Structures are given as C-alpha cells and as structure tokens.
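Protein chains in written order, with the working numbering: chain A, 1 to 394; chain B, 1 to 201; chain C, 1 to 372.
A portion of the hints provided could be inaccurate.
Residues from chain A shown here face chain C by an in silico Cβ test under 10 angstroms; the list is partial [as the list claims (entries may be wrong)]:
| # | residue |
| --- | --- |
| 1 | 53 |
| 2 | 54 |
| 3 | 240 |
| 4 | 289 |
| 5 | 315 |
| 6 | 322 |
| 7 | 323 |
| 8 | 383 |
One-sided excerpt, in silico: chain A residues whose CB lies under 10 angstroms from chain C [unchecked claim]:
| # | residue |
| --- | --- |
| 9 | 154 |
| 10 | 213 |
| 11 | 317 |
Lysine-lysine pairs mimicking DSSO-like chemistry, simulated, CA-CA at most 27 angstroms apart [said to hold, decoys possible]:
| # | chain 1 | residue 1 | chain 2 | residue 2 |
| --- | --- | --- | --- | --- |
| 12 | A | 97 | A | 79 |
| 13 | C | 51 | B | 104 |
| 14 | C | 233 | C | 276 |
| 15 | A | 83 | A | 97 |
| 16 | C | 276 | C | 228 |
| 17 | A | 331 | C | 195 |
| 18 | B | 32 | C | 272 |
| 19 | B | 86 | B | 151 |
| 20 | B | 104 | C | 55 |
| 21 | C | 195 | B | 12 |
| 22 | C | 233 | C | 210 |
| 23 | A | 153 | C | 346 |
| 24 | C | 299 | C | 51 |
| 25 | A | 97 | A | 153 |
| 26 | C | 272 | C | 228 |
| 27 | A | 331 | B | 12 |
| 28 | C | 172 | C | 276 |
| 29 | C | 172 | C | 94 |
| 30 | B | 86 | B | 142 |
| 31 | B | 32 | C | 172 |
| 32 | C | 284 | C | 172 |
FYI, nobody ran anything at the bench for these hints, they're computed from the structure. Predicted model only: the values in this text are computed from it and were never measured. All C-beta atoms, glycine included, are put in the ideal place defined by N, C-alpha and C.
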Amino acid sequence: MQTLIENLVNAGTFGKNASVVAAIVIFVLSAVVFLGVAFPFAGIVSWVERRVWARIQSRVGPNRVGPNGFLQWLADGVKHVCKEDIIPDDSDPTLFKTAPYLVVLAFVLPWAVMPFSSSLILADLNVGILYMTSVTALTVVGVLMAGWASNDKWSLIGGIRSAAQIVSYEIPAGLSIFPVVLMTGTLSMQGIIRAQGWAPQHWFLFANPFTFIAANILYISALAEGNRTPFDLPEAESELVAGFATEYSGMRYLFFFMAEWGNLFIIGAIITTLFLGGWQCPHITKNVVLMNVLQLIVFNVKVLALVFLSMWIRATLPRVRIDQLMLLCWKYFVPISFVDMIGTAVWVAIWPDGNAFMGYIMLAGAIVVAVLFIQRVIFYLRRSRMEMYFNPTI
Amino acid sequence: MSGVSDYVQNIKETVSTIFEGMAITASHFMRKPYTVQYPDRMAVRVQDTLPFRYRGILEVDLEICTGCLACERLCPIDCITIVADKDPVTKQLLLSQFDIDIAKCMYCGLCSEPCPTGSIHHTTEFEGADYSLESLIRRFVKDPVIAYKPKKGPETDQRIAPILNRGMAYLDQWAIPGSDAEAKAAADKAAAETAAPGEPS
Amino acid sequence: MSTLRTEEMTLNMGPQHPSTHGVLRFVVRADGEVMREAIPDVGYLHRSIEKIAEKVGYHGFMPYTDRVDYVCAMFTNQGWGSACERLGNIEVPKRGEYCRVIAAEFNRLASHLLSIGTMGMDIGAMTPFTHAIREREMINDLIEELCGARLTFNYMRIGGVAWDLPPGWREKSNAYLDHLEPILDEFNNLLSYNKIYVERLANIGIITAKEAIDYNLVGPNLRGCGVKWDIRKDIPYSVYPDFDFDVPVGNGHWGTLGDSMDRYMVRVFEMKESVKILRQALAKIPSGPVLAKVPRNFKPPAGECQIRVESARGDMGWYVVSDGTGYPWRVHVRTGSFAAMGIIQKLSQGLMIADLVTLIASLDVIAPEIDR
Numbered sequence: 001m002q003t004l005i006e007n008l009v010n011a012g013t014f015g016k017n018a019s020v021v022a023a024i025v026i027f028v029l030s031a032v033v034f035l036g037v038a039f040p041f042a043g044i045v046s047w048v049e050r051r052v053w054a055r056i057q058s059r060v061g062p063n064r065v066g067p068n069g070f071l072q073w074l075a076d077g078v079k080h081v082c083k084e085d086i087i088p089d090d091s092d093p094t095l096f097k098t099a100p101y102l103v104v105l106a107f108v109l110p111w112a113v114m115p116f117s118s119s120l121i122l123a124d125l126n127v128g129i130l131y132m133t134s135v136t137a138l139t140v141v142g143v144l145m146a147g148w149a150s151n152d153k154w155s156l157i158g159g160i161r162s163a164a165q166i167v168s169y170e171i172p173a174g175l176s177i178f179p180v181v182l183m184t185g186t187l188s189m190q191g192i193i194r195a196q197g198w199a200p201q202h203w204f205l206f207a208n209p210f211t212f213i214a215a216n217i218l219y220i221s222a223l224a225e226g227n228r229t230p231f232d233l234p235e236a237e238s239e240l241v242a243g244f245a246t247e248y249s250g251m252r253y254l255f256f257f258m259a260e261w262g263n264l265f266i267i268g269a270i271i272t273t274l275f276l277g278g279w280q281c282p283h284i285t286k287n288v289v290l291m292n293v294l295q296l297i298v299f300n301v302k303v304l305a306l307v308f309l310s311m312w313i314r315a316t317l318p319r320v321r322i323d324q325l326m327l328l329c330w331k332y333f334v335p336i337s338f339v340d341m342i343g344t345a346v347w348v349a350i351w352p353d354g355n356a357f358m359g360y361i362m363l364a365g366a367i368v369v370a371v372l373f374i375q376r377v378i379f380y381l382r383r384s385r386m387e388m389y390f391n392p393t394i
Numbered sequence: 001m002s003g004v005s006d007y008v009q010n011i012k013e014t015v016s017t018i019f020e021g022m023a024i025t026a027s028h029f030m031r032k033p034y035t036v037q038y039p040d041r042m043a044v045r046v047q048d049t050l051p052f053r054y055r056g057i058l059e060v061d062l063e064i065c066t067g068c069l070a071c072e073r074l075c076p077i078d079c080i081t082i083v084a085d086k087d088p089v090t091k092q093l094l095l096s097q098f099d100i101d102i103a104k105c106m107y108c109g110l111c112s113e114p115c116p117t118g119s120i121h122h123t124t125e126f127e128g129a130d131y132s133l134e135s136l137i138r139r140f141v142k143d144p145v146i147a148y149k150p151k152k153g154p155e156t157d158q159r160i161a162p163i164l165n166r167g168m169a170y171l172d173q174w175a176i177p178g179s180d181a182e183a184k185a186a187a188d189k190a191a192a193e194t195a196a197p198g199e200p201s
Numbered sequence: 001m002s003t004l005r006t007e008e009m010t011l012n013m014g015p016q017h018p019s020t021h022g023v024l025r026f027v028v029r030a031d032g033e034v035m036r037e038a039i040p041d042v043g044y045l046h047r048s049i050e051k052i053a054e055k056v057g058y059h060g061f062m063p064y065t066d067r068v069d070y071v072c073a074m075f076t077n078q079g080w081g082s083a084c085e086r087l088g089n090i091e092v093p094k095r096g097e098y099c100r101v102i103a104a105e106f107n108r109l110a111s112h113l114l115s116i117g118t119m120g121m122d123i124g125a126m127t128p129f130t131h132a133i134r135e136r137e138m139i140n141d142l143i144e145e146l147c148g149a150r151l152t153f154n155y156m157r158i159g160g161v162a163w164d165l166p167p168g169w170r171e172k173s174n175a176y177l178d179h180l181e182p183i184l185d186e187f188n189n190l191l192s193y194n195k196i197y198v199e200r201l202a203n204i205g206i207i208t209a210k211e212a213i214d215y216n217l218v219g220p221n222l223r224g225c226g227v228k229w230d231i232r233k234d235i236p237y238s239v240y241p242d243f244d245f246d247v248p249v250g251n252g253h254w255g256t257l258g259d260s261m262d263r264y265m266v267r268v269f270e271m272k273e274s275v276k277i278l279r280q281a282l283a284k285i286p287s288g289p290v291l292a293k294v295p296r297n298f299k300p301p302a303g304e305c306q307i308r309v310e311s312a313r314g315d316m317g318w319y320v321v322s323d324g325t326g327y328p329w330r331v332h333v334r335t336g337s338f339a340a341m342g343i344i345q346k347l348s349q350g351l352m353i354a355d356l357v358t359l360i361a362s363l364d365v366i367a368p369e370i371d372r
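Isolated chain A, as found in the complex (with noise of 0.2 angstroms):
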C-alpha cells in the first residue's frame, strides 16, 4: 500500500501538493483499517469466545441476536455506550479518564505493521517485530494507571499485578523473538515471513527443535501478556472482583475488553509470522491481486486458528498464582529462551542456510501428536455415554 501511494506520488497524480494529500490518504485508510477492522472484530471475537466457551461446557451460548447470536456484540456494545459513565469521587479523574485509551492504543498501534499479505501492509517498518513488541507493552501503563486511578484496594492489586506480570513476560517472549531473527537477518515482518515458505516444513515452527519450543515460550508469554487465562491475574474475578476493571463503567470499561479481546488477534499475527509461514501460499495465479487475497485468506486462516487455540486454553485451564507465575517465567521460560537462542546461534552456524530434512522430521512428530490427540478425544467421546442426559427437550 505504501509503494501504491509512493508511486501516486511520484508520477505526480496529486500535484504539487502531493505529499499533503498523500498523508491525508494514509490517514483516512488507516482510520478505516481501524474502525472498519480491528474494533468489529473485538467485538466478532468476544461473540466466538461466548460460543466456544459455552459449548465446551455444555452450554448453548449467546444465540438470541441476529442469526446464532451473531449480532451480541452490537448488542452489548450499544447497551455499554448508554450505561452511565461513573468516575469514583475519590479517583484521580485524568487518570481514571485516560487509561482506557491507552489501552486501547496500544492494541491499536500494531496494526500499522500487520503483514496481511505481500502488499498489503500500512508500512513494513524495517524493524517491524521490534516496534510491534514495544508497542503492545503500552498496555501496562494504562492497566497501572487504571489500577491506581481507581482509588480502589482490588483494583491497585490488580494493576500492579498487571505491571509486574507484563514486565517480566517481556523478556521470555523478546528472546524468543531471537531465534527467528538470527536465522532471517531481518527485523522487518515482511522480511521473516519470506524467509519462510508455504509448506508446514519451511515454517521457522519446525526448523528446528529450538525454534519450536521458542514458538511455544512466546505463545505462552504472549498470552501472559494479554492477561488471558491462565494468567489472568489482573483481573481474577474470583479473587479481585474485577482486578484493574472493577471501578469502571459503560464505555470505559468495554473498551478495557474490546483490548483484551483484539490483543489476540495480535497475538495470532505475531506467531503467525514468525514462525507460521505468515501469508506465504502456493503459486496457483499469476494475477497479483487475486495472489494478495489469498494470501489474505491464508494468513488471516492461522491467525483465527490461534485465536481459537487460546479461546480453547481458556476454558481448559485454572488460574496461576502471582508467584508461581513469576517463577514460571524466571526459572523456567527465561532460562530456556536463553538456551533456545544459544542454540539455534549453533544450529545457524552449522546450517547456514537451515536443514530441510530436519523440517520433515518435526512435521512428523507433530503430526504423530496430533493423531494421539485425537485418539484421546475420541476416548473421551466414547466414554461419554450421551443417551444418558436426561430431559432431551433442546
């Protein structure tokens, strides 16, 4: 998109007054991208997360709004925007104002360097994966100072729990970054993504052994970050009422969740392209645009199956605690992104140009993973006995 414009702007299209122009139209996009695209699908995704988690439980979930319930979001978004806004009187109104934005900027600054296909990027930064990790930690500072606005024991808690956990995830998830960095030479997303190839064995996830399990520590930091189960301590609802969130109200509060909710599929893009393959696809089609849509689809296919995934892990999973947390994250994830690092820095001397047939063996033992799995599942079905739920009247 950005080559586009520079282009309109270099055959002179908008005249002398090119540069202007050119800005207001990258603003305008952007704002749509926003809008048109990362809020909807908070919202979409709240409504999935409804779902999936009530079928988990035997539940039916949201169902009434629009066809299967799809319109609950709308619903619910309107019925926070009428709510009546209340700001405690012994808070610190600037603050208590302030802190949902930040949140919700900092879900909303990497999208500027989303890779959803080979064109289509608001702008491949040649630090690209540097600038999306630093931005999303914004979210700390307008969950610390929610936290502290509040004027509210639960929610200082759950703030500075926030602050703490979000902190010391860092360091896991940016020297899993490493490993891929190391073997691309590039910081750049479009960079990473096309060092790798369509095929499952060209994906950085199974160039190695460490590179797997570094995919695995960022995953897992990342839903840290996100404040996802289960580490969802800021906002343990059992044990903090609401964590950082419990003193909002109306607009203010949704747009905490509309953060929590987007920060995945952020998380999803940032596996997706390091170690996914990102929006690589086969050649079928010589027509670029029809070649960038599908690689739209493709890309935007793993992103929603990651976000399925920790959907899934959230309703599987119980809540840590704060200090098993941080010792799961200095003594386990820490030290094991260190050795990753070090060992792929070994793997890539040895390997320059990465070793193809270890690619087919990790597909392999992934693919004998998967068939244990769904051995388990169908053991548990089988066991399950459904006749026997009474009052069959659904």
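Starting from the known structure of chain A, fit chains B and C onto it as the hints suggest.
Showing chains B and C alone in chain A's frame:
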C-alpha cells in the same frame, strides 16, 4: 541432580496434564449442550416435563373442599387462610374465604398430605412472578360456596365426579405418605402381564 | 539509608465478594499480596432457625431444616427426623431407612459435586464448574422425581420418608451411576490432576491431625488430615452397617498431609464411595412401608437427645429438648462449616490473597450452615 530431574519432571507433568485436559474439552465440542432454551425454544413446555410429584404453586378445587381446615392447621408458616362458618339457616358449612399467600408459601407439601379429598394440591406451574405482593394472594372463593360433603358410596354428581376422581388419584399416587408405590406398580404390572395372555387381542 | 517500609493494608472481602460462597465477610490484613491475617466475620445469614423450631412444632419444622444447609438438605432432614424418633421411641421401617440412605447419598454426591466444581471456579477454571453443575443437575432431576423439589426437599418425615421410590426410579438411578463414574474420572483428568491446579492447592492451608481435632473440624476436613473418623462407620446409624464402603482419608500424596489438595481429594474419593453405597442400597432395598405411624399431633415424652449424622460437611449434631408438649423446648444444630470458620484465621497467616479463596473453598463452608 535431583533438582534437574524435578525440573524436567515438572515440565513433563504440566505438558501431559494440559494435553489430557485439552482432549477432554475438545471432546465437548462434539457433545450436545445440556441446557434447555427456556422459555420459548422448547419442544415441550417445561411444566409438562416435570414429574408427577413436582411441588409447584398450590391450587384448590373448591368443588371438593370439605372445609376441614386440616391444611390451615398444618401449614408451618400460616400462608393459608380459610373462613368456614355454619350457615344458621341451612346448617351447611359455608366457605367464605380460602386464600393462599403464594409469596409466603415455601412449597413444603405439608398441606396437601392431610387433605381428605385431594382438593388442595400442588400443580407443576412455577412461573409466579408478579408486580405486587397483593396479587400473589390467590383467592379461591369468589362467592361463598357450600363445602363438599363426602358421600358413603361413589360420587354420583356428573360435575363433581371427575374432579373427585382426580383428587383421589392424586392422594393415592402421591400425597398419602408411606404408600408403597413401587411395589404397587410392580404388582399392577405383574397382574397385567398374567392377564394379557388370556385375553385375545 | 532508610529501610524500605511497607504499609499494611486492610481489605474488606465480602459479604458481596464473588468467591466467598454466600454472604461471608473477611477482614483481610495484607502486606501486598501476602496476608497477615484474615478474620472471618459471620452472621450475615442468620435466620434464627433454632428459635423457629420452638414455635412451629415437630412436624412443621421439617421444611425449615432444609434451610439449615440447602446444599445437602437431606442430611438436615435426616438429623431432625432421627432426633424426633429417638425422643418419641419410634422405629422407622426398614424400607424407610433405605430410602433415607439412598436420598442422602445422592444428596452427598450433589453437594460434593458443587463443592469441587466451585473449587475449580475459584481457581479460575470455569469449565469444570459447569460440568460438575451439569452432573448435579441430573441428580436434582432424580431427586425431583423422588420428592418433588430440587433443593429444599422436605422428603423425610418423623418416622420415615414421605414418599416411596417412584416406579422405574431405581433403574434410572442405576443408569445415572453408570454414567457418573466415567465422568468422575474425566473430571479428575480435566481438573484434579492438572499440574496448575495441583500446584495451587498442594502445601496450602496445612492442618495437622491434632490441630484439626483441637479446632473441632469434622467430615472431609478432618479426614483430609489423615484422621479416619466417619460417623457412618464409627457411630453407625440408620442402615449404614449393611453396606460395604471405605472411608477415604488424606495421605499427602500431592504435597503435605492435611493440605487443601488432600481435603479436595477426600471429597472426590468419597463420591466414589457414595456411588458404591448407592449401588448396594438400590439392589438390597426391601419391600414394605416407608413411614411408621406417627400421630399428627406428635408429643414426645419429656427428655432430651442428641443425634449425629454424617452430612456432606461432616458430623452434624441435632440436640433436641422436649418438655412433653407439641413444641420442642430447645433445638440446637451443630454444623461442620461453623467449626471450619474458626481455623481460617490461623491458616490464613502468611498465605497469599489468592490462596484465601482456595482455602475457603477447600474447607467447603456454606454460609447458611454457619449462621443458621
């Protein structure tokens, strides 16, 4: 050395138990939801699926109420109010008030046990929400009515007979404490089975 | 250089906190995440049930006993019924006793399912909670068919039970038990053996056997500390001697003996024992009446008695004093949850705030049973 093996063991346990847990939750995608979509998206009304013994909102069949006040006496929270006076002219028992305060009622079922005719009984109705406490008082007597007098033989009045039959059936099958229902049902079934081969169908 | 000074924070947890299992209140003195002390404050759900007994008479009090502990109301029914029977020297028919045991054991299953389900929810796992509630709902369906109510049963009467088992109910119950056993294993694999879950519960809130006896803990809380004490075995009542079952005790397999995990696992294993008892009872139940002849105007001779039943929350004592009239002179209920509240202040010292929640859940306190 044990430190290292503990470290590896911890990782192994975490991964394997999470693997198992994820398999269970994944199997639930394929299972039917257990909940029902009360109240509108149901094949049958909930009230019709409830078992016979369900203790819902109380109802009184005034036609067969004998005015014996047994229910009023046994109610632990006095939610039943009955006014029954002897008519000085006809010498008949006249029921002028039979109120049940649904707001107070705790659906214990103690009132329907001593009823001689099964007049006061629980229905399977449970939707009792209302806008005021006053409207939760169910007044069964509109105009004073003469209390029912049990007859020696079977009931002959065509109007009352079905109601009384229902009431007695209710008592037989449910309200009389200690009835050996299961043995009775088994005996009935055995009787039906022995009788069936003799009858050409 | 000045030393780092931390300020103690007083937190008010409850009575409307999401995880205090009813209207309980804790005053938590905490230093950051670490608690100095959590002081329980009870009495928000006091309904003077013991006083009501003196006003409504022996028969009329039966529905009120449901409200003493509405999670396992069959045991309160049974306790009150047995106490009155002992006062009035009434013998319950054999089938009546079997019906009581069947209903009570089903209720124990329901209560334990709720307990372990909420335990999962307090640690943030929502799915096990709904699964446990789903199974409990099926038990409620069965009990609803048996006595017409899902929570406040009022099933038992002085001298037996009100209604016999409905036709076909035994087959349905057996089928349900067949369904429950694999589900319990699945539940264990989903929640109990999960590493995160074990880590959250093991070595938390350790109670030694001596402490447990000193603080008068009963039921699974006591057995979790390794003390093999079950009223059903040690002071047999009803027809429990007829059945063959074990009393599971904590063994410290997951951490230290007497920690939260032990108390939790005792409940899980107790459910399997309940299934065992139910299978035997459903097979062995004799025919005959289920209710002894008891006058409507029940007037036991003057005297007093104390009855102990093993409820889902442990040894439940019913003390009744009769003065020969139709109304008891004094009734007292001794419940397990109230005893369990006493030890929380001691156990909470040095734990984290997140652990207080699991501690309350592992002691399985039910607010109405504490306050009555």
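For each hint, the structure was consulted:
no., hint, verdict
1, 53, "holds, 7 angstroms"
2, 54, "holds, 9 angstroms"
3, 240, "holds, 8 angstroms"
4, 289, "violated, 44 angstroms"
5, 315, "holds, 5 angstroms"
6, 322, "holds, 6 angstroms"
7, 323, "holds, 7 angstroms"
8, 383, "holds, 4 angstroms"
9, 154, "holds, 8 angstroms"
10, 213, "violated, 18 angstroms"
11, 317, "holds, 6 angstroms"
12, A:97 - A:79, "holds, 19 angstroms"
13, C:51 - B:104, "holds, 19 angstroms"
14, C:233 - C:276, "holds, 15 angstroms"
15, A:83 - A:97, "holds, 16 angstroms"
16, C:276 - C:228, "holds, 19 angstroms"
17, A:331 - C:195, "holds, 16 angstroms"
18, B:32 - C:272, "holds, 26 angstroms"
19, B:86 - B:151, "holds, 19 angstroms"
20, B:104 - C:55, "holds, 17 angstroms"
21, C:195 - B:12, "holds, 10 angstroms"
22, C:233 - C:210, "holds, 21 angstroms"
23, A:153 - C:346, "holds, 23 angstroms"
24, C:299 - C:51, "holds, 18 angstroms"
25, A:97 - A:153, "holds, 18 angstroms"
26, C:272 - C:228, "holds, 17 angstroms"
27, A:331 - B:12, "holds, 15 angstroms"
28, C:172 - C:276, "holds, 16 angstroms"
29, C:172 - C:94, "holds, 22 angstroms"
30, B:86 - B:142, "holds, 18 angstroms"
31, B:32 - C:172, "holds, 20 angstroms"
32, C:284 - C:172, "holds, 16 angstroms"
Violated hints for the displayed structure, listed by number in ascending order: 4 and 10.
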